[in-house]
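Peer 1: Chains as they are written, first to last, in numbering that gives the first Met the number 0: chain A, 0 to 427; chain B, 0 to 427.
Since the hints were made in silico from the structure, they are not lab data.
Be aware that a few hints might be false.
Since the list gives no way to pick out one identical chain from another, each pair is judged satisfied if it fits inside one copy or across any two copies.
What the hints assert, rightly or not - Under the rule of at most 27 Å between Cα atoms (straight-line distance), these lysine-lysine pairs were calculated in the DSS-like manner:
{"id": "1", "residue 1": "K149", "residue 2": "K19"}
{"id": "2", "residue 1": "K338", "residue 2": "K46"}
{"id": "3", "residue 1": "K180", "residue 2": "K86"}
{"id": "4", "residue 1": "K29", "residue 2": "K338"}
From a predicted model like this one, the values you see are computed outputs, not experimental measurements.
What follows is each chain in one-letter form.
Number of protein chains: 2
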Amino acid sequence: MKKVGVAILGLGVVGGGTYKILSEHRELYKKAHDLDVEVVAVLELRKERALALGIPESKIASGIAEICSNPDVDIVVEVMGGVEPAKTFVLNALNAGKSVVTSNKELYCKFSHELEKAAKRNNCGLFYEASCVGGVPVIRALLDNLQGNKITSLMGIINGTTNYILTKMSNSGADYEAVLKEAQRLGYAEANPKNDVEGYDTVYKLSILASLSFHTKIPYTKIYREGITEISLQDIEYGKRLGYVLKLLAIGKNSDNGIEVRVHPTFIPADHPLASVNDSYNAVYITGDSVENVMLYGRGAGALPTGSAIVGDIIYCATHTNYRYSTFENTEFASPSTKFIENFESAYYLRLNAEDKAGVLSNVAAVFSKYNISIAQVIQGNDDNSDGFVPMILITHDTQENSIRKAVAEINSSGAGSEVVAVIRVAS
Amino acid sequence: MKKVGVAILGLGVVGGGTYKILSEHRELYKKAHDLDVEVVAVLELRKERALALGIPESKIASGIAEICSNPDVDIVVEVMGGVEPAKTFVLNALNAGKSVVTSNKELYCKFSHELEKAAKRNNCGLFYEASCVGGVPVIRALLDNLQGNKITSLMGIINGTTNYILTKMSNSGADYEAVLKEAQRLGYAEANPKNDVEGYDTVYKLSILASLSFHTKIPYTKIYREGITEISLQDIEYGKRLGYVLKLLAIGKNSDNGIEVRVHPTFIPADHPLASVNDSYNAVYITGDSVENVMLYGRGAGALPTGSAIVGDIIYCATHTNYRYSTFENTEFASPSTKFIENFESAYYLRLNAEDKAGVLSNVAAVFSKYNISIAQVIQGNDDNSDGFVPMILITHDTQENSIRKAVAEINSSGAGSEVVAVIRVAS
Numbered sequence: 000m001k002k003v004g005v006a007i008l009g010l011g012v013v014g015g016g017t018y019k020i021l022s023e024h025r026e027l028y029k030k031a032h033d034l035d036v037e038v039v040a041v042l043e044l045r046k047e048r049a050l051a052l053g054i055p056e057s058k059i060a061s062g063i064a065e066i067c068s069n070p071d072v073d074i075v076v077e078v079m080g081g082v083e084p085a086k087t088f089v090l091n092a093l094n095a096g097k098s099v100v101t102s103n104k105e106l107y108c109k110f111s112h113e114l115e116k117a118a119k120r121n122n123c124g125l126f127y128e129a130s131c132v133g134g135v136p137v138i139r140a141l142l143d144n145l146q147g148n149k150i151t152s153l154m155g156i157i158n159g160t161t162n163y164i165l166t167k168m169s170n171s172g173a174d175y176e177a178v179l180k181e182a183q184r185l186g187y188a189e190a191n192p193k194n195d196v197e198g199y200d201t202v203y204k205l206s207i208l209a210s211l212s213f214h215t216k217i218p219y220t221k222i223y224r225e226g227i228t229e230i231s232l233q234d235i236e237y238g239k240r241l242g243y244v245l246k247l248l249a250i251g252k253n254s255d256n257g258i259e260v261r262v263h264p265t266f267i268p269a270d271h272p273l274a275s276v277n278d279s280y281n282a283v284y285i286t287g288d289s290v291e292n293v294m295l296y297g298r299g300a301g302a303l304p305t306g307s308a309i310v311g312d313i314i315y316c317a318t319h320t321n322y323r324y325s326t327f328e329n330t331e332f333a334s335p336s337t338k339f340i341e342n343f344e345s346a347y348y349l350r351l352n353a354e355d356k357a358g359v360l361s362n363v364a365a366v367f368s369k370y371n372i373s374i375a376q377v378i379q380g381n382d383d384n385s386d387g388f389v390p391m392i393l394i395t396h397d398t399q400e401n402s403i404r405k406a407v408a409e410i411n412s413s414g415a416g417s418e419v420v421a422v423i424r425v426a427s
Numbered sequence: 000m001k002k003v004g005v006a007i008l009g010l011g012v013v014g015g016g017t018y019k020i021l022s023e024h025r026e027l028y029k030k031a032h033d034l035d036v037e038v039v040a041v042l043e044l045r046k047e048r049a050l051a052l053g054i055p056e057s058k059i060a061s062g063i064a065e066i067c068s069n070p071d072v073d074i075v076v077e078v079m080g081g082v083e084p085a086k087t088f089v090l091n092a093l094n095a096g097k098s099v100v101t102s103n104k105e106l107y108c109k110f111s112h113e114l115e116k117a118a119k120r121n122n123c124g125l126f127y128e129a130s131c132v133g134g135v136p137v138i139r140a141l142l143d144n145l146q147g148n149k150i151t152s153l154m155g156i157i158n159g160t161t162n163y164i165l166t167k168m169s170n171s172g173a174d175y176e177a178v179l180k181e182a183q184r185l186g187y188a189e190a191n192p193k194n195d196v197e198g199y200d201t202v203y204k205l206s207i208l209a210s211l212s213f214h215t216k217i218p219y220t221k222i223y224r225e226g227i228t229e230i231s232l233q234d235i236e237y238g239k240r241l242g243y244v245l246k247l248l249a250i251g252k253n254s255d256n257g258i259e260v261r262v263h264p265t266f267i268p269a270d271h272p273l274a275s276v277n278d279s280y281n282a283v284y285i286t287g288d289s290v291e292n293v294m295l296y297g298r299g300a301g302a303l304p305t306g307s308a309i310v311g312d313i314i315y316c317a318t319h320t321n322y323r324y325s326t327f328e329n330t331e332f333a334s335p336s337t338k339f340i341e342n343f344e345s346a347y348y349l350r351l352n353a354e355d356k357a358g359v360l361s362n363v364a365a366v367f368s369k370y371n372i373s374i375a376q377v378i379q380g381n382d383d384n385s386d387g388f389v390p391m392i393l394i395t396h397d398t399q400e401n402s403i404r405k406a407v408a409e410i411n412s413s414g415a416g417s418e419v420v421a422v423i424r425v426a427s
């Protein structure tokens, strides 16, 4: 039976979950995989965390050097998060000949090339299934299952915090601030929620998933980003009336015209498979030219679901002897041959506050017409504030982002009795 | 660049799709995977099929021996279906040192041990992602992603034909025979639909998926099987009223008490993620002790979706040098230590024709009480045939299969004014 020595860097939520899975399943892995997987060392400044998990003091390492020089360590699990010191520790481990399994989306997204090069140079494995969408097997699906496809589209609900908040707003009718507070109380959102609610976490994951999907490095800096902090309950309610559900969507598209990558609140039709992905569940909906549509759904975060992905990588690493490496030649910059589309096409939901008098709608219509924006649907809102203004909701046909921006700017600066107060993209 | 020579055995729907994908994507695979994948030979009795695909006559082999002795063939793709001659051809290929990729669920389910042994002996790869659920990456998810879990439950809609028929019955209100005919006309059902509608195809796939999930061979003969041929539209309609959707479900469960494996029409709650898997779409819903719930969804059949899985395996085979083999020690028999539960627990939907007179319901209730079956819900049906009988629908709480069988037999033989005319299991 092959012995597999594991060191865990960081005993936070995911590190603790990974330790728990590995220690409870040791006999299962012997029987099912002929592997004796043991956590032989941990690195954690807060020693009490290790002791609370029942880890003997002898396994608590004094520093990364001790782990790198420990011949019993085969695989280093990095679950610290953030760039430093995680990056230094991972490079140290690879340079010491240890394979690395990481859940760190920011690190892998920002430094994949450097890490992959180090792994290759040292003939070690580098695995990152846990970096995207927790226990949902999306990285390996892209690497090992769908790689025969030209993938044309990727749409994902890949951040649990924002999906929890949007689901609760929609179900309870509470506004963003109230739901955020509840999410923080329940541990679904961090004290400083910026990384989640402003879409950074989603952007890092989309960078990784889009790079694998489109076979070319998509730097995160190329991804358009808009978070959910400005979403008002009104728009969720109007969207519902029109048959839409609001999600923070990660979107990647690849066509002959180029690649578009964006993260923003998006209305999707209520009968789309992604529309019923609720609470902290996540899903990725992938369209390939052979496979058609595939959706992978599950818990995108949490100690045990993310731990499941980590342990899956550990067993994969221990049972596959030839490691493969990313062929992307850099991390920070896209290949010069990759063309990005910034002026993408989409349908749009617009909410206007319109003065309740003749001629206002025709002024608005004239501006849309000027920018070749055609309107698919108009409804009048019902929350008249008795100030002489009424909400007016418009859904456009597919049009260009730049056209919408120009039209909105023109309407809002014209002083002609109406103002666009919400712009939300609509996916089909 | 590594050259990969492929031979395709059988140019039916999946073989044709595979050829199409490989020939259209040759440049993509060079660029993305550094592989030059070429179909160098095909085996197909109906030569016109090969010619229609644009395959030059020089590549049409005269027999399996020619393919086995062709040094340009690295990987043999078996997409003929059925046991023979597929089995002989696959064994010939493996014994000639060729790796094999197959979509043949019946062959792999019935002879996995013999095939795996031959692959191992010859140091060849044996891949079968395409055998289950078309382009949906479920085999590799079980092998390479979820293998750190103790999987406790597996529920799948894994046959496109039956899901198409049940969806159409539910949406159109047409009965089984009418919808089957339409499905045959559209190519969703075969002229002889037995393999699909009686659940055999689902049983073969469940045997493969449950074996991988539970780390022990589950012979298909151990799987309880009931098809959809007896389903009446009435029951679909009553189920809808009660908040259920009818699906042909493959169910595998693993607990300390043992393993249960069964394929039968099943009511599932309308808000279950599997309930909205419609038409010829398939999905597998897996519950593991770490990952919680994961659902993998997509096209379960068709030329290109199944071709996607085949090509995924070809590329995987070409880029992984160490092959792994099933550790199950046989195919036909379960391990003596595997305990199967035949008297499983479930909730039940029962439809009775009850004489419309006093005392009938209390007679029925007395029988259920005798077998410790408790009733969760009763509704009276509305299609009174004016013959003095009314339909009565009961949903039970969880109870044992044997208790239901005994109770139904007792009610139906008692002559006490009611008859159970439909029994459908209900999953939660």
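Peer 1: The structure should be examined with respect to each hint, and the outcome stated for every one.
Peer 2: Each hint tested on the structure:
no., hint, in the structure
1, K149 with K19, "between (39 Å within a copy, 13 Å between copies)"
2, K338 with K46, "neither (49 Å within a copy, 44 Å between copies)"
3, K180 with K86, "neither (32 Å within a copy, 61 Å between copies)"
4, K29 with K338, "between (49 Å within a copy, 20 Å between copies)"
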